[in-house]
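Participant: Okay, here's what each chain looks like letter by letter:
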Amino acid sequence: MKITLLPRSAGRHVNGWTMTSVIGAAVVLLPILYVLACLFRPPNDNWSKVKQFLLTDYVLGSAKLVFFTGFFAAFIGVALAWLIAGYTFPLRNFFKWALVLPLAVPPYIAAYTYSSMTGYTGIIQATLRNRFDVALPPGTIEVMSDRGAIFILTLFLFPYIFMMTRVFLERQSASFIENARLLGHKPISVFFRVVLPLSRPAVMAGVMLVVFEVLSDYGVANYFGVQTVSTAIFQTWFGMYDVDSAMKMAAWLMIGVIGLFMIERWLRRSKRYASTTSRSHPLRPQRLKGLAAWGAAAFCTVIFLLAFAIPIAQLAAWSIQYGGKIWRSDFADLIANTIKGAGIGTAIILLIAIVSSRAARMFDSPFMQALSRMMSAGYSVPGAIVAIGVLAIFIELDGRLAPLYRAMGKDDGALVLSLSLAMLLTGYVIRFMATGYGALEAGYEKMPRVYSEASRTLGRSSLFTFLRVELPLIKGSLLSGFVLTFVEIIKELPLTLLLRPFNYDTLSTRAYQYATDERVFDAALPSLLLVMIGLVSVLILLRPERR
Amino acid sequence: MAYVAVEQITFRFSGRQPAVIDKLSFTVTRGEIVGVLGASGSGKSTLLRLIAGLEMPESGSISVDGRLLTNERVFLEPEQRGVGMVFQDYALFPNMTVADNIVFGLHKLKRSMRLLRLEQMMELVQMKEYAKRYPHELSGGQQQRVALARALAPQPSVLLMDEPFSSLDAHLKASIRSELRQILQKANITCLLVSHDQADIEAICDRVLRIQEYGRENEFEEIAVG
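Protein sequence lines correspond, in order, to chains A and B. At position 175 of the first sequence (counting the first as 1) the number is 175 in our numbering, and the numbers step up by one without a gap. Position in the second sequence (from 1) plus 547 gives the number in our numbering.
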């Protein structure tokens with residue numbers, strides 16, 4: 001019989017579960033802290049030049065992109081959410097889920113699809129010219145600009161806001177909205193005086209997701225030649241080979257992200273609009289008639305066509321036309337690499353996530369709560385920061401391990417870890433830990449604690465309880481966590497582009513490479529595949545509602 | 548002689564909150580069925596969780612049959628205590644059959660012994676024909692009997708029951724009460740049963756303890772069973 005001697009509770013809290021959580025949180029936080037720490041190091045000469053001549057443009061570029069994308073995405077997202085939650089009109093049930101589909105399209109794919117479609121030889125101008133003999137003046141529909149980037153990012157990110165706002169309105173707002181109607185308010189007044197203020201927390205949560213995605217974006221801005229802090233970090237790194245300045249820039253971006261995070265918390269501090277009773281009933285939509293009904297349907301149709309149907313149809317057409325020759329090259333290797341990297345990355349993430357979500361559940365202490373919040377921090381950290389932090393740490397590690405390498409018979413200054421797949425995998429773990437952790441945390445929240453307690457009182461160990469009682473009960477969450485993480489990793493671009501080993505290509509890097517080499521037609525097939533894979537995760541996100 | 552001895556036990560959920568249980572002491576003799584009465588929030592479920600090892604007391608000691616379960620230095624994990632518990636919602640594992648649920652705690656027995664014990668338990672609670680069913684296919688009363696069989700199967704030193712009637716329909720209560728008393732007597736087990744309903748407890752228990760006001764030092768008031 002094991003009797004734990006002094007101190008009682010410490011012995012209970014220090015075990016494999018909590019240790020793994022601490023290690024997991026450290027992996028997520030270390031590169032971020034490393035980047036932040038460089039703020040305290042003396043700057044080099046280049047940095048003062050960057051700061052003097054370039055930084056303002058970068059910051060303004062990012063700010064503009066964030067502001068306008070956030071604004072337009074919120075406008076479209078909230079308008080659609082209110083239409084669909086509050087009213088019935090033709091095709092409403094279709095749009096309810098179809099308007100989430102744009103999330104399956106990585107914005108960088110949309111960027112090069114749209115830029116080819118709207119170019120001089122693209123389908124729009126070519127059709128106008130050949131069929132109708134209309135020649136557009138150059139620059140009329142130019143997407144290769146910051147306006148184009150805002151257009152693309154808005155169309156393919158608004159579903160975050162749409163989804164969160166719609167779910168909130170459907171579930172939480174019924175009694176307030178019905179009361180406003182009973183009190184004689186007209187629809188417009190109901191929207192501005194009740195719906196909008198009520199749904200502010202949900203809208204803000206969606207907007208924050210969009211903002212973090214925009215700040216993290218590299219593919220769209222780089223393709224369109226828009227200057228942002230994220231693209232600048234990469235340019236300083238690979239154009240000027242100045243990792244120190246790149247890291248300084250990343251650190252300032254991180255400060256900005258933390259600032260945004262705190263502003264959002266502060267805005268929400270005392271405004272808890274969530275319903276005060278748990279007995280809220282679902283909102284019953286009103287029927288729209290005549291012009292209003294067709295107007296609503298038309299609005300939804302336009303958004304759906306622009307944000308999903310048109311670019312996908314174009315990609316499909318290109319794939320059919322030009323896809324044949326892609327198959328002949330190293331396409332199988334590409335798919336194998338993609339699945340291997342994503343598979344290993346997902347496995348590591350879920351392993352850490354399952355252990356630490358269980359630890360957080362077992363030991364409900366403030367320390368474990370903080371730890372679990374740190375686990376999810378990586379998602380709001382732009383890919384550029386993660387990439388440069390991981391790279392810096394791996395180079396440092398290689399330096400420290402140099403004596404070991406020499407003993408193993410390698411040359412002086414050999415880079416082992418920082419040329420291996422381990423570096424990319426670490427990047428994935430940091431960036432997508434939140435996805436896996438979130439799924440498992442939700443799974444544990446849905447599972448009543450008593451099952452584990454019953455098992456313990458029946459004389460079963462903690463490990464046995466985990467394997468035989470908890471695991472079978474959370475396997476659904478485990479599966480959806482796996483698929484969501486796997487798909488996110490496959491779609492990921494900037495981290496993979498920067499941290500991959502030499503000659504290691506995935507579907508996303510290859511598609512992007514083709515596109516930047518002006519071979520958009522060749523990019524179509526891998527892009528279409530990526531969208532298909534993305535659809536799987538969108539369907540999982542939508543699943544709980546259909547039950 | 549005291550079989551279950553709870554001495555000066557104190558518990559709070561977090562450092563800043565007032566104690567839920569404050570310096571509570573009582574004893575139970577072997578084979579006794581003791582009821583604990585108290586309003587909701589009075590800490591009666593917490594008391595059971597402390598004995599089972601699901602919560603850690605701030606101070607005080609608990610021992611059963613002369614074996615120390617916890618004090619300021621020692622804390623036995625739930626699986627080391629040999630204490631059986633029937634949870635409020637029964638907590639039958641939804642992914643296992645009735646039989647699998649009952650043998651779940653019998654891992655220390657040999658296979659032949661395990662099956663024999665399963666047989667005995669099914670007999671005791673009269674659930675023989677339901678061995679292959681899953682919990683969601685059973686009525687509330689049947690679920691309670693399976694939970695009872697599962698808790699009794701490993702022959703615990705003491706059985707803890709948390710609000711055993713709260714998930715049952717009112718009109719079933721009377722018959723299930725007498726049934727439960729019969730089973731407990733047949734099993735000849737020391738039992739601590741918690742309820743907010745005095746009638747439940749009086750129908751089953753040999754002795755009743757009423758937990759006193761929340762927030763002050765707790766004391767048990769003995770009530771005679773009429």
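Since the hints were derived computationally from the structure, they do not count as laboratory data. Take these hints with a grain of salt, some might be off.
[Stated by the list, open to error] Straight-line C-alpha distance at most 20 Å; calculated DMTMM-like pairs for lysine to aspartate or glutamate:
hint, chain 1, residue 1, chain 2, residue 2
1, A, K51, A, D242
2, B, K655, B, D636
3, A, K475, A, D517
4, A, K446, B, D753
5, B, K720, B, E666
6, B, K655, A, D242
[Stated by the list, open to error] Negatives, chain A to chain B, calculated, CB over 12 Å:
hint, residue
7, R131
8, G256
9, P366
10, A454
11, Q513
For clarity, every value in this text was computed on a predicted model and none was experimentally measured. Don't be surprised by glycine CBs; every beta carbon is placed ideally from N, CA and C.
Participant: Does each hint fit the structure? Answer for all of them.
Facilitator: Do the hints match the structure? See the list:
1. A:K51 x A:D242: Holds. K51 of chain A to D242 of chain A sits at ~13 Å (cutoff 20 Å).
2. B:K655 x B:D636: Violated, at about 26 Å.
3. A:K475 x A:D517: It is violated: about 43 Å lies between the C-alpha atoms, which goes past 20 Å.
4. A:K446 x B:D753: violated, 39 Å
5. B:K720 x B:E666: Not satisfied, since the Cα-Cα distance of roughly 26 Å exceeds 20 Å.
6. B:K655 x A:D242: violated, 65 Å
7. R131: holds, 63 Å
8. G256: holds, 36 Å
9. P366: violated, 9 Å
10. A454: violated, 4 Å
11. Q513: Label holds. Min Cβ-Cβ 47 Å, cutoff 12 Å.
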